[in-house]
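If you're matching them up, the sequences are chains W and P in order.
Numbering follows numbering that gives the first Met the number 0, in which position 131 of the first sequence is assigned residue number 130; successive positions increment by one, without gaps.
Numbering follows numbering that gives the first Met the number 0, in which position 106 of the second sequence is assigned residue number 105; successive positions increment by one, without gaps.
These aren't lab readings, by the way, just hints derived from the structure by calculation.
Positions of the beta carbon are idealized from the N, C-alpha and C atoms, including for glycine.
A couple of the hints might just be wrong.
[Claimed, not checked] No more than 20 Å apart at the CA atoms, straight line, and that leaves these computed lysine to aspartate or glutamate pairs for DMTMM-like:
1. P:LYS76 x P:GLU40
2. W:LYS76 x P:GLU37
3. P:LYS76 x W:GLU37
4. W:LYS76 x W:GLU40
5. P:LYS76 x P:GLU57
6. P:LYS76 x W:ASP137
7. W:LYS76 x P:GLU32
8. P:LYS76 x W:GLU32
9. P:LYS76 x P:ASP133
10. W:LYS76 x W:GLU152
11. W:LYS76 x W:ASP99
12. W:LYS76 x P:GLU40
13. W:LYS76 x P:GLU57
14. P:LYS76 x W:GLU25
[To be verified] Between beta-carbon pairs, the in silico distance windows are:
15. W:GLY103 x P:ARG94: 31 to 37 Å
16. P:ARG85 x W:GLU40: 39 to 45 Å
17. P:ARG94 x W:ASP136: 45 to 51 Å
18. P:ASN93 x W:THR110: 48 to 54 Å
19. P:ARG117 x W:GLU41: 43 to 49 Å
20. P:ARG36 x W:GLU40: 20 to 26 Å
21. W:THR80 x P:ALA28: 16 to 22 Å
22. W:ARG36 x P:ARG101: 27 to 33 Å
23. W:ASP129 x P:ALA28: 19 to 25 Å
24. P:ARG39 x W:ASP129: 32 to 38 Å
25. P:ALA28 x W:ARG101: 29 to 35 Å
26. P:ARG64 x W:ARG101: 26 to 32 Å
27. W:PRO13 x P:ARG36: 42 to 48 Å
28. W:THR110 x P:GLU41: 28 to 34 Å
[As the list claims (entries may be wrong)] Covered stretches of chain P (in silico footprint by chain W; criterion: 3 or more residues with CB under 8 Å from a CB of chain W, positions within the stretch not fixed):
29. 14-20
30. 26-40
31. 121-129
32. 140-149
There are 2 protein chains.
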Amino acid sequence: MADPTSTPTRATVPDSQLAAWRSFLEAHARVIEVLSRELREEADLPLSWYDVLVHLSEAPGDQLRMQELADAVLLSKSGLTRLIDRMQREGLVNRSACPDDRRGTYAQLTTAGRDRLRDAAPTHLRGVRDHFADLFDDDEARQLDALLRRVAEGRTTG
Amino acid sequence: MADPTSTPTRATVPDSQLAAWRSFLEAHARVIEVLSRELREEADLPLSWYDVLVHLSEAPGDQLRMQELADAVLLSKSGLTRLIDRMQREGLVNRSACPDDRRGTYAQLTTAGRDRLRDAAPTHLRGVRDHFADLFDDDEARQLDALLRRVAEGRTTG
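Please model the entire structure based on the sequences and the hints provided.
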């Protein structure tokens, strides 16, 4: 969050940057809310589950160590263990011990998980296009990408 | 979520827009993670609690109907009732019935809640400056704001 507008120290963030910060938070909240609703309504799948399924499907052998998965997902980082418990009960992932690391656990995509991902992908992708990608022409998308890379990588201006 | 890179329908989102989408998600995940960690370490306060405290502090009479609060906060929309339960147990908010709406409930900031917000605000605001605002000059911030407003408002290009 959170909009620091009325805090006593507001003056330390200039207006233009504060407006961008607010838009950034509102844009994320809105697009995630819409994508979540569409995926739930059309594919009966929470967006956080989709996020896990995609990352497992892209990994070698359809599996990742739990820590690797936690680093990869962009939602549900904090509640990942319970999330995987629920997905396992629905048969979408399996867990297994890492053979070369006795403290480690793998999460692995099941066939049912892969089917579920395939069914849900068109809804999700259409949502990304309609509620994000189609709002920008190529130049704008490249601008936006370059600016947001700085935040993603913690780089300073330049 | 979730990067749709490897889904069969990838071709429907052009590369530049897909890169911007990925940067957008990664930027949000990173900045929220860093701000959360700093706020927890320096002010012992979850970022979702800070979000609630800020919105109550900006409301008339330091109170909002639960539904208004759910619309206002940018984190924890889905788990808000339980979040307010926990904050009430720590004395940071009170609940009261709306006098003009027997189905409604207000959440109201307490004095302890206001003190907690005041203590945490400098940490949060420094984080917003260091990990977001300072990465952009004024022109860049205005550009970023204009592009992200489209997403926040669900507008098409132009």
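To see whether the hints hold, each was checked on the structure:
1. P:LYS76 x P:GLU40: With a Cα-Cα distance of about 24 Å, the restraint between LYS76 of chain P and GLU40 of chain P is violated, given a limit of 20 Å.
2. W:LYS76 x P:GLU37: Measuring from Cα to Cα gives roughly 17 Å; hence the hint holds.
3. P:LYS76 x W:GLU37: Holds, at about 17 Å.
4. W:LYS76 x W:GLU40: Roughly 24 Å between the alpha carbons, so the hint for LYS76 of chain W and GLU40 of chain W is violated.
5. P:LYS76 x P:GLU57: holds (18 Å)
6. P:LYS76 x W:ASP137: Violated, at roughly 33 Å.
7. W:LYS76 x P:GLU32: holds (9 Å)
8. P:LYS76 x W:GLU32: Within the cut-off at roughly 9 Å; holds.
9. P:LYS76 x P:ASP133: violated (28 Å)
10. W:LYS76 x W:GLU152: holds (18 Å)
11. W:LYS76 x W:ASP99: At roughly 24 Å apart (the allowed maximum being 20 Å), ASP99 of chain W and LYS76 of chain W break the hint.
12. W:LYS76 x P:GLU40: Holds. LYS76 of chain W to GLU40 of chain P sits at ~18 Å (cutoff 20 Å).
13. W:LYS76 x P:GLU57: Judged against 20 Å, a Cα distance of about 30 Å means the pair is violated.
14. P:LYS76 x W:GLU25: The given pair, whose Cα atoms are some 13 Å apart, holds under the 20 Å limit.
15. W:GLY103 x P:ARG94: 31 to 37 Å: Violated, since GLY103 of chain W and ARG94 of chain P (Cβ atoms, about 44 Å apart) do not stay within the stated range.
16. P:ARG85 x W:GLU40: 39 to 45 Å: For GLU40 of chain W against ARG85 of chain P, whose Cβ atoms are near 30 Å apart, the range 39 to 45 Å is violated.
17. P:ARG94 x W:ASP136: 45 to 51 Å: holds (48 Å)
18. P:ASN93 x W:THR110: 48 to 54 Å: holds (51 Å)
19. P:ARG117 x W:GLU41: 43 to 49 Å: Check passed, 45 Å falls within 43 to 49 Å.
20. P:ARG36 x W:GLU40: 20 to 26 Å: The hinted range 20 to 26 Å is violated for ARG36 of chain P and GLU40 of chain W, with Cβ atoms some 34 Å apart.
21. W:THR80 x P:ALA28: 16 to 22 Å: Check passed, 18 Å falls within 16 to 22 Å.
22. W:ARG36 x P:ARG101: 27 to 33 Å: holds (29 Å)
23. W:ASP129 x P:ALA28: 19 to 25 Å: Holds: the Cβ-Cβ distance is about 22 Å, inside 19 to 25 Å.
24. P:ARG39 x W:ASP129: 32 to 38 Å: holds (36 Å)
25. P:ALA28 x W:ARG101: 29 to 35 Å: holds (30 Å)
26. P:ARG64 x W:ARG101: 26 to 32 Å: Check failed, 52 Å falls outside 26 to 32 Å.
27. W:PRO13 x P:ARG36: 42 to 48 Å: Violated, since PRO13 of chain W and ARG36 of chain P (Cβ atoms, about 25 Å apart) do not stay within the stated range.
28. W:THR110 x P:GLU41: 28 to 34 Å: Hint violated: Cβ distance 47 Å, outside 28 to 34 Å.
29. 14-20: holds (count 6)
30. 26-40: holds (count 7)
31. 121-129: That given contact holds, which follows from 6 residues of the region 121-129 of chain P lying within Cβ reach (below 8 Å) of chain W.
32. 140-149: holds (count 9)
Comparing the model with each numbered hint stated earlier shows that hints 1, 4, 6, 9, 11, 13, 15, 16, 20, 26, 27 and 28 do not hold.
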